[in-house]
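Line by line, the protein sequences give chains C, U, E and X. Each residue of the first sequence is one higher than the last, beginning at 1 in the numbering used here. Each residue of the second sequence is one higher than the last, beginning at 1 in the numbering used here. Each residue of the third sequence is one higher than the last, beginning at 1 in the numbering used here. Each residue of the fourth sequence is one higher than the last, beginning at 1 in the numbering used here.
Just so you know, these hints were derived from the structure itself, not from any lab. Note that beta-carbon positions come from the ideal geometry of N, C-alpha and C, so glycine has one too. Only true hints are included.
Pairs of lysine-lysine, BS3-like flavour, derived with a Cα cap of 27 Å:
1) Lys226(C) with Lys194(C)
2) Lys203(E) with Lys294(X)
3) Lys189(C) with Lys165(C)
4) Lys237(U) with Lys120(U)
5) Lys189(C) with Lys203(X)
6) Lys90(E) with Lys226(U)
7) Lys289(E) with Lys65(C)
8) Lys203(X) with Lys300(E)
9) Lys291(E) with Lys65(C)
10) Lys203(E) with Lys300(X)
11) Lys291(X) with Lys203(E)
12) Lys203(E) with Lys65(U)
13) Lys65(U) with Lys291(X)
14) Lys226(U) with Lys237(U)
15) Lys144(U) with Lys165(U)
16) Lys203(X) with Lys289(E)
17) Lys65(U) with Lys289(X)
18) Lys203(E) with Lys189(U)
19) Lys119(U) with Lys65(U)
20) Lys189(C) with Lys65(C)
21) Lys203(X) with Lys294(E)
22) Lys65(C) with Lys203(X)
23) Lys226(C) with Lys90(X)
24) Lys289(X) with Lys203(E)
25) Lys291(E) with Lys203(X)
Which chain E residues stay away from chain U? Per the calculated CB distances, all over 12 Å, these:
26) Asp3
27) Asp117
28) Gly123
29) Glu146
30) Ala157
31) Val175
32) Leu179
33) Val236
34) Glu282
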Amino acid sequence: MRDITFEISENVPLTANVRRMRLYGDTADITRAGQFVNVRLDGFYLRRPISVCDAENGVLTLIYKCVGAGTERMSRMRTGERLNVLTGLGNGYDISLSGRRPLLLGGGVGVPPLYLLAKKLLAEGKDVSAVIGFNTAAEVFYEKEFASLGCSVTVTTADGSYGTKGFVTDALPEDATYFYACGPMPMLKAVYAKTDISGEFSLEERMGCGFGVCVGCTCKTVTGGKRICKDGPVFKKEELEWQI
Amino acid sequence: MRDITFEISENVPLTANVRRMRLYGDTADITRAGQFVNVRLDGFYLRRPISVCDAENGVLTLIYKCVGAGTERMSRMRTGERLNVLTGLGNGYDISLSGRRPLLLGGGVGVPPLYLLAKKLLAEGKDVSAVIGFNTAAEVFYEKEFASLGCSVTVTTADGSYGTKGFVTDALPEDATYFYACGPMPMLKAVYAKTDISGEFSLEERMGCGFGVCVGCTCKTVTGGKRICKDGPVFKKEELEWQI
Amino acid sequence: MADLSVELCGIKLDNPVIPASGTFGFGAEFAELYDINVLGTFSFKGTTRQPRFGNPTPRIAECPAGMLNSVGLQNPGVEHVIAEELPRMKTYFCKPVMANVSGFSVEDYAYTCALLDAQDQIGWIELNVSCPNVHGGGMSFGTDPEAAAGVVRAVKAITKKPIIVKLSPNVTDIVAVALACEKAGADGISLINTLLGMRIDLKTRRPVLANNTGGLSGPAVFPVALRMVWQVAHAVDIPVVGMGGVSSADDMIEMMLAGATAVEVGAANLVDPYACRDIINELPETMRKYKIEKLSDIIKGANSWEKTL
Amino acid sequence: MADLSVELCGIKLDNPVIPASGTFGFGAEFAELYDINVLGTFSFKGTTRQPRFGNPTPRIAECPAGMLNSVGLQNPGVEHVIAEELPRMKTYFCKPVMANVSGFSVEDYAYTCALLDAQDQIGWIELNVSCPNVHGGGMSFGTDPEAAAGVVRAVKAITKKPIIVKLSPNVTDIVAVALACEKAGADGISLINTLLGMRIDLKTRRPVLANNTGGLSGPAVFPVALRMVWQVAHAVDIPVVGMGGVSSADDMIEMMLAGATAVEVGAANLVDPYACRDIINELPETMRKYKIEKLSDIIKGANSWEKTL
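For reference, chain C alone in the conformation it holds in the complex (with noise of 0.2 Å):
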């Protein structure tokens, strides 16, 4: 982890309430896709934590989604302004047990960490196939840019309005080796109930500092409480005993 302000080269939106910013600094603390920063926004008191879609030659690449006062607040900000952030949070995914064709799942703002994902994963000559699910087409976001670094990607919406009908879950690949999800919990715990395969799941809570130290975001696991934050948040599919 360390403190770092970067410079803000790009605030867009891609769908009516999700945006893209990227970022200028040193992005040497982003060792593994999967891992976050915490965002610091004037006129808040806590950080706010964004995962990480991209970070290479010293560009930090966010996509976040406006949920609240402070997201609102990030939407606002110019070219040229400056973001304070923790970087290099979390512990990422593990590429070594990828095996030769990795299946990522991602569900709304929880595509974006895949996408660095398949970069790495892609880079190692892994066969790379993404699921990526949204509500409704007008959601839809990065399924070109999965396709361009030579993904096969799958878009599911579930209203049937682009692509195929229903969740990530009704368009998992037969002979995928392992996979990576990352998304909302009714998303991860189908996930959790309909794979047979081993993987990795990427998981969400309200944090305090970020860094492991308030405790604010534990989780249980089979090895007793767990930080999201420190210890995540990634988890394996067998450190978790979710009822399904």
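Model the placement of chains U, E and X on the given structure of chain C, informed by the hints.
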């Protein structure tokens, strides 16, 4: 009173910790010298009351001293930034009582409101003298500005490093018809004690609202408690019963 | 069309927005800025039997997301309020107003309330048993259930108007005080008054306030106020008026979800004189946002989580 | 050369800056960022007799100038702290550390304190009788002078190290609790723990916290904390450790002027992991600014105004 957002056109130092800010905006509510504006600053809950140094043709001039975090914040604001103020606050000085030879007595940051007062009195064809007092030569400001309006100006410094040694009360002219005083309480009390002519005092106090509803800034007068922000800040000598 | 109306102790309010006592004077300064008849009502400056100058100055201190005051019940006294302020108020406010009353003895409270109870303009009497800035009175009544109940009983015995008791948050068990007041006949509870606080000037090495301590208000106290409104609203059967740091339409709705039938807005009026008008204007859109058709439907509408430990 | 040292219950601190329990873990995460031996000391994660998972999540809520937490004393239990955490701590912290202890019965407190009292690394035991987030324990001891005194007596009977009692601000009369603890043998008082607060999510219409209520900390509580430190420091003859919203060297000095011998920094560590290091670095210049040569000279250095009304 009105709530108006001005645009900063200048924010420059006059001395080590006294600065002048000029702002563009509607100054119509400032009808008398000695009135003040209440300034909203990011990161601070209460507004900061600042006396009006000058106001005409949509240009507001404020001279303020950096005494705390609020004015410190104000000193870092740049040209082009916006400043929200409640404008046209307080009663201001009554120029109808000045007589032919009004005397302006200012101490430190009590000097600025006398500048607009001098302009208004001179416009009435009065023969205006100003005695402005400071601690030391390095803190002197606005002598030239008063002189170029056409006042006869005397500067006093407590340490004698510039002008007359001592306080404004050590340089009172003989033939003044009425005085208008603004400055720290010890100076005002000395003026109260050492003048046999009538006059007006502008008082200061920590304020909540600045427009008379919180009664945070009450002072004692011969007719009972009065609100410095609304009934004042200017009070006639006869209204005050100070123990000297 | 959004319905903002609520009923407080049998009197209908067009909306639940009520400027809090001590931040709105008798309304005249605000009536110069906007038609204050848009308000639900307002609670006028705390009134005592005798005129009071209040505490020495400084009486105001800046705080993070709030402020301290130690005004100390400066007011012209009940006779003057009835002779001068109420007739003048008629010229700019035509709704029932809330009279805020403080005292230093049960007799004080009873005397002042009896006079105000006879005034047609007054809809409710808000009994302030919680002023933190006066000695040998005010808050001391509000920190002891029995003392608070004693004031309520004495006032109820000689008044007809609804009596709303304004409670102090500076207590171990606010529910006990609220229940004692309800049992004594109170028609409503309003809370919170200010939290006792202090600031020290690092240069002079003295308290900023000449009274040494003062009452904290502003957004800083909102979470404490919300918690106490929740606790009291779930314990008593009389209406609760919530206040403490409310500054927006969102805050209003949060207070009502916690259990407030109406909401007082205090410190916000001091830093933004249009705060209450703007909140009222924002409420319909905010209600749409949270799918609220009738504001009175959400009173005490928040569901608690089951304690799973 | 500015002298930042103070003495707390017979142990010298290089400076009065103490990260507060629950915001610093056992120090390891911060030791990765800077040499935490620059601190006066730190108060480690509240420890209980048995390991605790704590409360369900969400446990954190945003507030104006502050935050709510309802962690609920999650900790690995005293045996694990002694077997694992203390030996590891030796590798990055070489000063006496403050052990923060909580419990659900007098026996719990005594058991846990006895084990920790035997550890050489530990300089002080901070007795937390004020956790607002656990049921049937914690705060209930801190809101009743006799219950608090009972814990202190039991612990003092079987320990040698200085016992500092951490008090709850959620009381009518904090001085009464402090005096009872002093009478029972406490070597120091630390305050304030968090103020009980609440937030409600307008979309879900549920409390933000799964525990419904939580403890408010951050700059919002600073004026209340300062007032209580002032009241207690002027009532007891044992040292007072001040805390509550302290975020800067100026805040530290304000707390010490109010009566604090040392100052704990809590929530600030969560939003700025370098907060304590930076405060220590700023102190010498801040002392120059306010003409302070020896920091210990200003403890309880603020003069009150005479009450003139």
